[in-house]
Amino acid sequence: MTEIARIMTTPSRPLVVALAYDGLCTFEFGVAVEIFGLPRPELGENWYRFAVAAVDEGELRATGGIRIVADGGYELLEQADTIVVPGWRGVATPVPEALCTALRRAHQRGCRLISICSGVFVLAASGVLDGRDATTHWRYTDELQQRFPTIKVVEDVLYIGDARLMTSAGSAAGIDLCLHVVRSDFGLEAANSVARRLVVQPHRDGSQTQQLTRPVARSRESERLGQLFDWLYGHLAEPHTLESLAQRVGMSPRTLLRRFQESTGVTPARWLLNERLQRVQQALTDSRLSIEQIAENNGFGTTGALRHHFQQRFAVSPQTYRKKFTQPTK
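Residue numbering for the sequence shown follows my numbering, beginning at 1 and increasing consecutively.
For the record, the hints were derived by calculation from the structure and aren't laboratory data. Treat each hint with caution, since some may be false.
[To be verified] Simulated restraints on C-beta separations:
#, residue 1, residue 2, range
1, Thr-150, Asn-297, 39 to 49 Å
2, Trp-231, Pro-94, 52 to 62 Å
3, Gly-23, Gly-301, 44 to 54 Å
4, Arg-105, Lys-323, 26 to 36 Å
5, Pro-94, Val-200, 27 to 37 Å
[What the hints assert, rightly or not] Each computed SDA-like pair below joins lysine to any residue, with the alpha-carbon atoms no more than 20 Å apart:
#, residue 1, residue 2
6, Lys-324, Trp-271
7, Lys-152, Trp-138
8, Lys-324, Lys-152
9, Lys-323, Arg-288
10, Lys-324, Arg-270
11, Lys-323, Trp-138
The model shown is predicted, which means the values in this text are computed figures rather than measured ones. Think of the CB as a built atom: it goes at the ideal place given N, C-alpha and C, for glycine as much as any other residue.
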């Protein structure tokens, strides 16, 4: 059996296809391979199939002197469940019309399209982003908006989109987006497992700023912030205010807010919400607690508050999430 024949078997497993092109962005392509292409037997038999589709004919060169041998061509896009566009060879470089057509057809049949960094220019050229929110590396946002005025360019987020069309910012933000896809497809524990293997933070909210200003904190302040995070992880369910947290570390509220944002890219309130939602995800899949108990145990107080924030973040209700990601008991 050829390699491509092996890839195309077991159709119950979702097929992720990464594009390869002459002038390939090596890092962005590596992100797609690392997250979707590595065998992960510890995550079960339904993990992704992975293939590489050549955009161009002939030899494909990648940044750093690497040569790429693809698994196939445009025919792979016709069967993909997810297509990854890992950058593009130049923001002003034309996109082949054959690729634009293939991406439009894939999107129309329900395939998920995601781009990393400058890969958004490929999706934009295909027209699938018309009238939608999109992002890219902060260096390219003005260019994207000028060339594609029908797109609503969101400048300072890590990634943005819906279940079928997602774009990410600079190269490393592609990791965050791809982990978000894993989390959506296989649940929190699978995403955490992949993140641990990568030795990266399991979850960075897509709305987090791209450009973090991180001056070296005074040693005393740094130590106090570390102690605050340790304490918060053990007391997430308790009510907190900026003033109460500032009092705990002996800072003014204004200083704490500034130092907290420098360290995490988000406010204390946003950080607490993110952490609580991750705890809720785990509780939904790993326990039989009621939604009411989970809300109370994780600082939401009421089921209404939990449902509101969960739906807003994950576009599904807690009950639907539990049904989707909880393994049936034997």
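Going through the hints against the structure:
no., hint, verdict
1, Thr-150 x Asn-297: 39 to 49 Å, "45 Å, holds"
2, Trp-231 x Pro-94: 52 to 62 Å, "55 Å, holds"
3, Gly-23 x Gly-301: 44 to 54 Å, "53 Å, holds"
4, Arg-105 x Lys-323: 26 to 36 Å, "32 Å, holds"
5, Pro-94 x Val-200: 27 to 37 Å, "34 Å, holds"
6, Lys-324 x Trp-271, "26 Å, violated"
7, Lys-152 x Trp-138, "14 Å, holds"
8, Lys-324 x Lys-152, "32 Å, violated"
9, Lys-323 x Arg-288, "12 Å, holds"
10, Lys-324 x Arg-270, "26 Å, violated"
11, Lys-323 x Trp-138, "38 Å, violated"
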